[in-house]
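Number of protein chains: 4
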Amino acid sequence: MSSSFGQLFKISTWGESHGVGVGVVIDGCPPMLELSEEEIQKELDRRRPGQSEIVTPRKEGDVCEILSGVFEGKTLGSPIGILVRNQDQRPSSYTEMKDKYRPSHADYTYDAKYGIRAWHGGGRASARETIGRVAAAAVAKKVIDSLFPGIEILAWVQSIQDIEADVDPRTITSEEIESNIVRTGDPRVVDTMIERIKEVRSDGNSIGGTVQCVIRNCPAGLGAPVFDKLDAELAKAMLSIPATKGFELGSGFAGTLLTGREHNDHFYMDDDNVRTRTNRSGGVQGGISNGENIEFRVAFKPTATIMSEQPTVSTDKEDTTLKGRGRHDACVLPRAVPMVEAMATLVLCDHLLRQRAQCGL
Amino acid sequence: MSSSFGQLFKISTWGESHGVGVGVVIDGCPPMLELSEEEIQKELDRRRPGQSEIVTPRKEGDVCEILSGVFEGKTLGSPIGILVRNQDQRPSSYTEMKDKYRPSHADYTYDAKYGIRAWHGGGRASARETIGRVAAAAVAKKVIDSLFPGIEILAWVQSIQDIEADVDPRTITSEEIESNIVRTGDPRVVDTMIERIKEVRSDGNSIGGTVQCVIRNCPAGLGAPVFDKLDAELAKAMLSIPATKGFELGSGFAGTLLTGREHNDHFYMDDDNVRTRTNRSGGVQGGISNGENIEFRVAFKPTATIMSEQPTVSTDKEDTTLKGRGRHDACVLPRAVPMVEAMATLVLCDHLLRQRAQCGL
Amino acid sequence: MSSSFGQLFKISTWGESHGVGVGVVIDGCPPMLELSEEEIQKELDRRRPGQSEIVTPRKEGDVCEILSGVFEGKTLGSPIGILVRNQDQRPSSYTEMKDKYRPSHADYTYDAKYGIRAWHGGGRASARETIGRVAAAAVAKKVIDSLFPGIEILAWVQSIQDIEADVDPRTITSEEIESNIVRTGDPRVVDTMIERIKEVRSDGNSIGGTVQCVIRNCPAGLGAPVFDKLDAELAKAMLSIPATKGFELGSGFAGTLLTGREHNDHFYMDDDNVRTRTNRSGGVQGGISNGENIEFRVAFKPTATIMSEQPTVSTDKEDTTLKGRGRHDACVLPRAVPMVEAMATLVLCDHLLRQRAQCGL
Amino acid sequence: MSSSFGQLFKISTWGESHGVGVGVVIDGCPPMLELSEEEIQKELDRRRPGQSEIVTPRKEGDVCEILSGVFEGKTLGSPIGILVRNQDQRPSSYTEMKDKYRPSHADYTYDAKYGIRAWHGGGRASARETIGRVAAAAVAKKVIDSLFPGIEILAWVQSIQDIEADVDPRTITSEEIESNIVRTGDPRVVDTMIERIKEVRSDGNSIGGTVQCVIRNCPAGLGAPVFDKLDAELAKAMLSIPATKGFELGSGFAGTLLTGREHNDHFYMDDDNVRTRTNRSGGVQGGISNGENIEFRVAFKPTATIMSEQPTVSTDKEDTTLKGRGRHDACVLPRAVPMVEAMATLVLCDHLLRQRAQCGL
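Residue numbers (the numbering used here), protein chains in the order written: chain A, 316 to 676; chain B, 316 to 676; chain C, 316 to 676; chain D, 316 to 676.
Excised from the complex, chain A in its bound form (with noise of 0.2 Å):
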């Protein structure tokens, strides 16, 4: 179903963003793995709003509490449910949006679907429900290290519009991202990236920009042939974010300007390891990883919540104006980043799994 996503470890999200709360259901767990409600509000205070004077100014403290799944400090193996309340609505700013569409949001084609749309702040297609894939990904993260100790997902603010971070993957460390907040991997960009967002939302504008990933100590052999390719759950997971238009792995569409003697990734032996000599592959071959870095990048559009007069139409079909209010991200990189990261350790997660349920570990 559409709220549903991983095969083994399964979660389902639930939950608008000004209704009673947002949480996750997360089926499939393995048992006996230590869990508090401390670790997975560590993960939650990486995406919530407030965090620091580039996102959004709502005040929300996304506060978690586990509802089931845990006993004495332990998971049962029994669904493990979450639930954060909704704390900081202001509904009345979202008054005009009951009967106009906000451009470039969900707001038309929720309505074109269902005829009915929670229409206070985006309801399920605001970013709020990636509250419990986050949340969820702080459970699936224990469960990988304890099937394969030393696998590291790691993502940082590539570029924000023209700015683009020079990062080496294979040595980008999760404390050189977190000692910004704009979560960059390049200190001689931070600077620039924050002055191009507050230059942007002073002037009710918004921008968009990549956010890359790299998942390192993989070993081979996860993923699938065919539907359920790694890259291809990759890519549907990065592509279910809020605001993402693109996603490439490896060489991506620059790869499509070398030639097939260029782009091939050479194999050779490292002691008793197969490895390549490049990694244009970007990890990942015949859908399967090859125990390279697992590399990433994903789009991300520049937010639609503007605060200028724009044409749109009413829910009555009338052509007519609105203008952005409430409290927005004028750039959601820095909040996508922990975003990616959880997607990326769902996907990886569930195919712990899978690998475990044909083929052993």
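These are calculated hints, taken from the structure and not from any lab test. It is possible that part of the hints are untrue.
DSSO-like cross-link-like pairs, simulated, lysine-lysine; straight-line CA separation at most 27 Å [as the list claims (entries may be wrong)]:
| hint | chain 1 | residue 1 | chain 2 | residue 2 |
| --- | --- | --- | --- | --- |
| 1 | D | K389 | B | K632 |
| 2 | C | K457 | C | K513 |
| 3 | C | K638 | C | K413 |
| 4 | D | K413 | B | K389 |
| 5 | B | K374 | B | K638 |
| 6 | D | K632 | D | K413 |
| 7 | D | K413 | D | K638 |
| 8 | A | K374 | A | K632 |
| 9 | C | K413 | A | K389 |
| 10 | B | K374 | B | K413 |
| 11 | A | K413 | A | K632 |
| 12 | C | K357 | C | K374 |
| 13 | D | K374 | D | K638 |
| 14 | B | K374 | B | K513 |
| 15 | B | K413 | D | K632 |
| 16 | B | K389 | D | K389 |
| 17 | B | K357 | B | K457 |
| 18 | A | K457 | A | K413 |
| 19 | A | K632 | C | K457 |
| 20 | C | K374 | C | K413 |
| 21 | C | K513 | A | K389 |
| 22 | C | K389 | A | K413 |
| 23 | C | K638 | C | K513 |
| 24 | A | K513 | A | K632 |
Some chain C residues flagged as far from chain B (calculated, every beta-carbon gap over 12 Å) [stated by the list, open to error]:
| hint | residue |
| --- | --- |
| 25 | Q322 |
| 26 | E354 |
| 27 | R373 |
| 28 | V378 |
| 29 | L391 |
| 30 | D426 |
| 31 | Q476 |
| 32 | D477 |
| 33 | I478 |
| 34 | T488 |
| 35 | E510 |
| 36 | E514 |
| 37 | E577 |
| 38 | H581 |
| 39 | R592 |
| 40 | Q673 |
The C-beta atom is built at its ideal place from N, Cα and C for all residues, glycine as well.
Based on these hints, arrange chains B, C and D on the given structure of chain A.
Showing chains B, C and D alone in chain A's frame:
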């Protein structure tokens, strides 16, 4: 499972490139649709080898046989089994592959995953597997036509290496695309593209490019929130095609350079229809179609098989070299076009049925 | 996954009996249906403890809270989250269960499977889990009523031990069933049944029985061939209810004593309707409803918890004895009735949506 | 979907009784298992028509062909396609069925559902469909043997009409069952059963009975809480076999007559093993195996096809009569035995893989 695709129009492909044959089982097809082997064969002929001078000269008739699910020319509602027997097998071309991993192929990863692989010609990782998808999509097309007549799904070669076509997605026709063996939509670049492919092939090398696809007359309201967003499902569908490295919808990666003020698609009333002035959203907002053309691009890497000696390793983990043999496409793009159309058709058909299930049509 | 049920009307329950609470997420519910907490509460009240003198005296209000998916009194089409917090917990009643396995309970098997269990009161294996099912079924009932008004799903206690009710499935009403605390459909056996339950309870013992269910006015054509036969799905649904040991439809086990000549249901025309003279098929032929009443019976074993000292083993694998404590039903049948109805409702709702998806309604 | 079964060892059957053939695709099979067509054929021969004097005299070799997924005698991990072409077709036997609905068959319900049916010989509703299940189960058996050697799954005819066998599930052997053409486990009733079947057949009539099944040496911990309980999945599996009307596990319906004190299975230590003194639970507690023998019974109604004139209706909705033709089993029980074993094997194999996925084996 890894060889199944779709929730309601569910296909399961099977078969290795040099085994008995390849095929597909379709479960969930609506009953009472007229269906003949000829209609399926027509689509298979667009993807088969040997169809023109710029694709692999392998001679495979790829003749399909409907095994079940059709009675007196009409679908029964029960599973439709389709079989294509393999014919032009020259396993001797592949002997060396038994002991050596071809660079940038799936040989090594299959071994890493399963401990075994059908080493003749790629086995399950061969593009022959897509026969089942193309056959299933021929059926899906009939479903779409019966539920929502007028939807058009057209793909074409947008670029071969740096040679870019100039095509208007709003007006391009199937006839224009099929009028040339490259399957590009721009007559001005056909000769250059053909020349480039021949050049590269005679050099024993290979090249890639991009395929663009447009879905026209798609009703608003298809797709789903959260994980099964229409664009997310298209992304997965496309990345599941062999040799793909990227996917972008609407403004895609280029859209990350714009501001929100430049990027937003303004709504307006066109008679009784809600339309957008621009289409940077690519026809999908919040994961749901908005009635505009759905437009996306897919990156295909240069074919991995090249006729040069390349460094690699053997299955017993020694450094060695390998030179490509066999009959291969120097450029997969012309044959990738029907694959992209097929996967888009399958996604759309599935979401039409899902929409009918939840909301009615 | 093990805690999800349904393909299109998909429910995922979560929660342990003595944790924070229990609940359910419903994905795939059609939009625009009026839905209130009162409607759900009404069904929950039929299954809650403490409702009469013959069920467990535990005092749980079982008050439900809709967390998502409903906006201004109507379903949104997005996941409906429902939460019931646990209240009347007396974990001290269960201390001994920490170290000893209760006979014929799930304590030992959960430990064997997961290496851990929530030993307070049965945890996930508690009948409290069915709260989520009953709540979801209250929603499913609204879906059924909107798609195919007039379908009636009624269950009643058919037997308590050897006391058998005489009920006509064609005419029995909800009022007759709810008019007595046993929820049997035959007024002549009500007192005997109540007396038997009280007798057994005062002896610290327990008893079982059967629940019968009829689905009236079900259209012909629901269900599916092969694995998801309507009767097969009902069988799974019923056997998933705690304490069930058997399922039979139509003639059931007794039908094995007849010859084909005696057993076959002859078709005849009743005005424009195809009907059968007899209904040994139980309303389902080849896994698909034939328009006759769907009739089945479910066997419930005597409650495992009894107030006598019984031999058992400890978690550290020593022979020992255990005497039941806590407040339990000496006979689950009266409270099993709404559970049987709930599961039948979920199966039917799912198949109505599946029918609409594949064939239209 | 309706023609798929299993979550991790997933089979998809296809085919109509008088079409090109029937078959199955198995997805998720572990790699590196030795597998030959002979092993599959051996099981198919146990269910094929014409195998003895008391089953239908139709002559179908039911010869299987492995189409994919096996390479040099070993499973590849990719989908295993298996095809059995139909041979002994006499569509003329069925001409009358085109226009008339056979009583207690699926002719009418298929028409009601799909508006079309393959009227030659039952089409998809024919027991020929079970060929795919039996073939898949032959593969599943190899998976079980590789993951947990020693598990035995044995079914036998427990009763034919009122003739009841006396069989000890703890000691019955495959040899004893296969030693007689009825496939009962009690030599004392073999002749009476054969005589009864012949008698009934010569009268143009038919009879039913029950099949009992035992799973021995099943480890504790298989199955799952809530919806996918091991007994619930077995119930669905069994009710999906044509002509079944009931399922009971352990004490079953008879258990409803006992008190809890009589019914409970007391645990005791048998060396280091937790065992129960009695087995009224039938080897499953809380949906999870407890290490005791899993024991269940399945009710099969008398074959619907009888050689007498019966009242029925025509496809153009007129009252009429119909007399059975064709070659049919007067009693399906002997051929139902391998079907019951097959479905039990599929359930167990799937749950072994599920257990390995979530908890490790």
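Is C/K513 within 27 Å of A/K389, Cα to Cα?
violated (41 Å)
Does C/Q476 clear chain B by more than 12 Å, comparing its Cβ with all Cβ atoms of that chain?
Consistent with the label, C/Q476 stays out of reach of chain B, its closest Cβ about 43 Å off (over 12 Å).
Please verify that the nearest CB of chain B lies beyond 12 Å from C/E577's CB.
holds (31 Å)
C/R592 remote from chain B - nearest C-beta pair above 12 Å
holds (28 Å)
No chain B beta carbon within 12 Å of C/R373's:
Check passes; 37 Å lies beyond 12 Å.
Beyond 12 Å from each Cβ of chain B, as asserted for C/L391
violated (10 Å)
Given the hint that B/K389 pairs with D/K389, test it: the Cα-Cα distance must not exceed 27 Å.
This hinted pair is violated, its Cα atoms lying about 38 Å apart.
Taking 27 Å as the top limit, are the C-alpha atoms of B/K357 and B/K457 close enough?
holds (13 Å)
Given the proposed pairing of B/K374 with B/K638, does the C-alpha separation stay at or below 27 Å?
holds (22 Å)
So if I understand the rule, the pair passes when the alpha-carbon distance is 27 Å or less; does D/K632 with D/K413 pass?
holds (13 Å)
Given as non-interface: C/E354, partner chain B, CB spacing beyond 12 Å
holds (20 Å)
Against the 27 Å threshold, does the CA-CA distance of B/K374 and B/K513 hold or violate the hint?
Distance ~19 Å between B/K374 and B/K513 Cα, so the pair holds.
Checked against the numbered hints given earlier, the structure breaks hints 2, 8, 15, 16, 18, 19, 21, 24, 25, 29, 40 and satisfies all the rest.
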